[in-house]
Every structure is written in structure tokens, then in C-alpha cells.
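Peer 1: If you want the building blocks of each chain, they are given just below.
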Amino acid sequence: MVVGVRFEAAVVRRYDVPGPRYTSYPTAPQFSEAVGEGDYLKAARASNDDPIPRPLSIYVHVPFCAAPCFYCGCTRIITRDRTAGTRYLNRLQREIELQARLFDRDRSVDQLHFGGGTPTFLSDAELADLMRFIDHSFSLRDDALREYSIEVDPRTVDDARLAAIAGLGFNRISLGVQDFDPDVQKAVNRIQPQEDVLAVMSGARRHGFRSVSVDLIYGLPRQTEAGFARTLEQVIAARPDRVAAYSYAHLPQTFKAQTQIKTEDLCPPEVKLALLGITVEKLTAAGYVYIGMDHFALPDDELSIALADGSLQRNFQGYSTRAGLDLIGLGMSAIGQVGPLYIQNHRLLDDWAAALDVGRLPIWRGLWLTREDRIRRAVIRELMCRGELDLHKLGERFGLDFSSHFAAELESLAPLAEDGLVEIEPGRIRVTPLGRLLVRAIAMRFDAHLNQEPGAGARRFSRIV
Amino acid sequence: MSGTATPSPLNLYQLRRSCSSCSLSELCLPMGLAAGDIQRLEDLVAPRGPVNEGEHLFRIGDPLRVLYAVRGGYFKSYMVEANGREQVLGFHLPGELIGLDAIWPEKHQCNAVALNTASVCELPYGQLTDLGRQVPGLQHSMLRLLSKELAISHALAGDFSAEDRVAGFLMSLSSRMKARGHSETQLTLAMSRRDIANYLRLATETVSRVFSRFEEDGLVSVDRREVLLRDVERLNKLGHCFSAGG
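Residue numbers (the numbering used here), protein chains in the order written: chain A, -17 to 447; chain B, 3 to 248.
Calculated from the structure, these hints are not laboratory results.
Quick caveat, the model's predicted, so the values are computed rather than measured.
The C-beta atom is built at its ideal place from N, Cα and C for all residues, glycine as well.
Careful, some of the hints might be misleading.
[What the hints assert, rightly or not] Only part of the chain B face toward chain A is listed, based on derived beta-carbon distances under 10 angstroms:
#1 R50
#2 R211
#3 E217
Using the sequences and the hints given, assemble the complete structure.
Peer 2: What follows is the structure in C-alpha cells.
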């Protein structure tokens, strides 16, 4: 089933305000430094004690990049010094040891994700060492149920490397493409000829990666409608299983690399909107299912299937098919979620390393979800992942009367209903195709933390479009 | 975990609460006693609380001073074997008596620990036996509770499959919850899977596998500590030969 998105620029512009991406609720800025190692130990122990302990999902952050892409907002370290990777790996092993002690071995690792930075900054031998060590410490699986993915910078791999990565057990790959337009690539300091990227994509297929995902960014400097349309056509021709088209967030005060982007090169708002329009049109016309926010997938991809059967989830990597996993974050800045606890590692390499050097978990901050948080998280998840909220069902699940509990929120949705983002029926809120594009704006109405601090969003979050 | 049941704060009203007004009296010692006898019993009962999660009521070798009646929360009683391994003997719900094993030789034979924030009534043992001589119904009540414990240990020693044991355990909890006026199909497990496994003489992984199999077969659905019994009839059939008391 192809869900089309009708594109209404005027409405989209009205809702283009800064807002969280809701990879978690509450969002990371709500985490508190008062939450630390003791809390984590408690949550981990309790998670082992469940009658059916949840399987594990492991995220490994590899922060290094050989050169800065100017648009990047990730936590990363630019270096050409390969020994930095080796030192990082030594400490990462220590962290894995400390973490592995906390989780029972009969809990299989169903999901594994290497993100960055550039995971392929590490050599094949280093990646193999790391995988071996994770396998030694946790219970990795080797059957088809595993979802082991890695973010790959196409400039860092050739066919032999792809084969090596597949050989380590990775069965999903995501490629940073952004835009094929050489002019744009130059402006963002990421030169990667289209032929090379396409070769990596077909190589990934040959080496048996079950899912190939491509990341694009719209709103980059010097981007044009014609150029981005060409990129989309070339990407579509290569038929990746998933396409993520992210909006470029220009926040040079927060992300230093972005100061390298010339202000006069920036994409004017109307062009950015047009780029989004082209993206939605071209991908849906080519048969991609619009999953939500910035994600598209082929109809037979697990994300599309999960969308259809209602099992779609949000997690720190965006949309995901699996519910009910405990998430372990490894590496600097990594975020984990174990039971009702969110936990985040130190964001600075030195702090992260210092904790590990004295044998402590490198925890920076975290948050215990309250009952109210859990209720609101469920609401936001239903809206973002199912596009529909059954008020009665949700009320029943949490033992509350939705309409009175969320009276103010329901009222605040009225203008969104007028603008065609949602349809409010008795007992039901339905997100329209247009609303799915702007779903952050809908979710924000239910964010109790955001609404406590008006104006905070502008400082912390990227714009919706 | 933060999800443990929030304790109801003890107020003076509750502290003064007597056996005759206690909602658990039909399960606890006063069961079957005449009003006048209950009055005499409650004269010796001393409410105490709260007992924090992980706090022990007594340990092996402690002299028998009082018996405990659980008023709120869950307790676990366990022994420690010579090799240091723990052996879980039982889980105690509100309205159940703890410490009966110490009657002879007047020393506790096991440890009793709170699994979450709990409260108990203390029943001084000497005074209780004195009263028992005057109130025959009280002795009967104690024998009834003792006999239940015996039945459970017999069942545990029997030759039952892992499925029988887990089903029996769930049905036992279910009927005990029902007797306390709670849902008999929506259970919140206060005990860890390790404790359940230990209690049922099974490997920890086996308990989880049985729960997973039950879930696949539509007998239960499990979300962390919440267990919903979906097919009570089949669970009863599996678990009836191992009905761990009620």
C-alpha cells in the first residue's frame, strides 16, 4: 500500500518550528545528572529478574571521522590519527566488560547498531576485534532474526571491506549519501562521486546485506531542486530498501563545523520546502511507503510491514520494527534504555575515558520515567508510529479517562485539525498524511516537559522541516 | 526497579487497626474464631511497619519471639545451604503467617526478607500458645496454616514437569490474589525469575522458556513483571497436580 502525502507548503511553513524528534520521550534534554551508576545497576538487575527478560539491543558509538562534513550535528571527533581509534577500542572493551556483567547471558542480542562518527574509521581488524569482544561478552545471535546494522561512509569502503563487514555478522547497512550534486558536496566538504556510492550499494546487495538504507539531507547549502531531483532519481534507480531524508538543521552556535558553511550558500526556506516536496513526491511515486517524519521504505521492507501491522516503534536511530528490547549504549555520548530508565554516557571523550580508567561506568545523566511519562510516551508513540490514537484503549491501558486527563492537549489540537494535520473523531485522533510529515508538531502538544518551559525548544531543537 | 508497588503510607488509623476490622482476617489467624476470641487475639497483636524492600524479619538461628502475619507487600523465606546456595522456601502474601517453621526448636530455620515495601503484625509466640490453650479454634487455625505449608513442600518434591510447576505456581498466586479481592488474572510478580526458579526447583532459563512457551500458546501474556492469565482453564489443567496451596 502506498500512502501518498499531499504537500501543502503554506501549512507546512506554519508548523516549521523547532521541535524534538522524539527518538525518546521524555527527550534527552530532560535527563538529569543526579541519575547515575547506582540507578543503572538497579534497573539492569531488575531487568534480569523479569519472568521473560527482554532481549537486548546494543548501540556502539564510534565517534571518529577523518574529515568534517560541515553539516554534521553528531557527537564526533575529527582526526586522522588512527591510534585514537585503537585507544578508544581499549576503553570500549572495558566498558563492554562492565556492562556485560550486569546482564544475564540468556538474553540474546537481537539488535546491534554501530553508529558514529564513522564506524568504518576503524580498520577491518579493529571492527573484527570489537565484534569478537561483544560476542564474547554478550550472546550475539547468528540466525536470521538478528538485526545488526552499521553506518557506512561510502568513501571508506571498497568491495573487500564490504565483504569483511558482512562476514562479521552485519546484515543491514546504512549509507550516508546526502546529495550527489558535486556543487553541494563541495560546499559541505564531503566529496563522494555518485559512481562510488552506487558501487557500494550494489556491492552490499552482492554480499548479502538484507537491508540497504540511504540517508539524504535536504536543505544543504547550494542545493537546488533540479540537483536534488537528480539525486533522488539516481537513488531510486538503485532501489535501496529504506531512504531517510533528513532536514538540515543550521545551528552553528551548537555545531561548530556548521560555521564553515557560508551563510550566502544556505538554502532559502522556500527552496528547502520545495526540496521536501520533491522528496515526498518522487519517493512515493516510485513505490516507497511513507513511514513517517523523514523515513521511507519499500513496501516489502520490515518498516512498511511494521507500519501496516501496528508494531512500528521509535528508537534512538529513528523508526524501528522491534518493541520490548532493553537498549545498552556503548561509547561516548551513547544513550541506553533499560526498563523505566534512560541513561546517557559522557559526551566528552575525556570524561568518558576517565570514568572507565577508574573502572566505573561512564554515565553522565539519565531519567527514570514516571507513570505520567509512560502515558505520554505511549500517546506519542501511537501518533508517530501508528498515525492513530484510540482514546478509549489508551485510557483503559493506563486506567484513566483520556478526555479529562488530556483536556488541555485535546483543545490545543483544534487548530491542527483545522489545518488538516489531524482528524479528531469521538474516541479517536487520526493523523492525516500531511500530519505525518509534521508529526513532531502533533507530538509536541503532548510533551509535558516542553510545555513546562516555553521557548526552550528554540534553543535545543532543530526545526521540524 | 522503580516499578515496585508504592507502599501505602502507614497512618495512625492503620496502626490502630484491629483484627476484627482487618480485611485479611478471613485468611489469617482469626479465621473461624468467635468475635470474643478475636478480641482476645487482637489484644496481643502488635502492628509493625513498614518493612523496607530487602529488609529481613528474621534470620536462621534467631530465637523464636514472634510470628508474623503479613499485612501488606510480599515476603520470601529461604534457607542457605552449606555450599552457600540459596533455597527459596516460599513466598508470603498478605494474610499469611511467617515463622511457623520455628515452632520447634523455637529457633528460626530460615530467613525471611521483604520483596517490596511491606508491613506485618507481630504475634508474640508465648502469649499466642497460652491463648491457644483457651481458644481451641486458634490452635485449629494454626494447624490449618501449618498443614498448607506442608502440602506445598510435598508438591515441590513431587515429580512434576517444568510446565506443571510454573502453571501450578501461577494458579496458586492467582487463587491467593482472588481470595484477597484482587484480580485473579492480572498478576504482578514481586519475585524475580531467579527466585521463582529456585522455589520451583528449576533452572532460571527454564522458567523463562516455559513463560515464553505459555505466551506462544496463548496461555499468558507477559510484559515485564505483569502477567496476564489468558487461559485459566488450561493453566489449571497443567497445574492442578501441583497446586501449591491456596
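Peer 1: Taking 10 angstroms as the limit, does the beta-carbon of E217 (chain B) come near enough to a beta-carbon in chain A?
Peer 2: Check passed: Cβ of E217 (chain B) comes within 7 angstroms of chain A, closer than 10 angstroms.
Peer 1: Does R50 (chain B) meet its interface restraint, that is, does its C-beta lie within less than 10 angstroms of any C-beta in chain A?
Peer 2: violated, 26 angstroms
Peer 1: Please verify that hint: R211 (chain B), Cβ, nearest Cβ of chain A, below 10 angstroms or not.
Peer 2: holds, 9 angstroms
Of the numbered hints stated above, the single one contradicted by the structure is hint 1.
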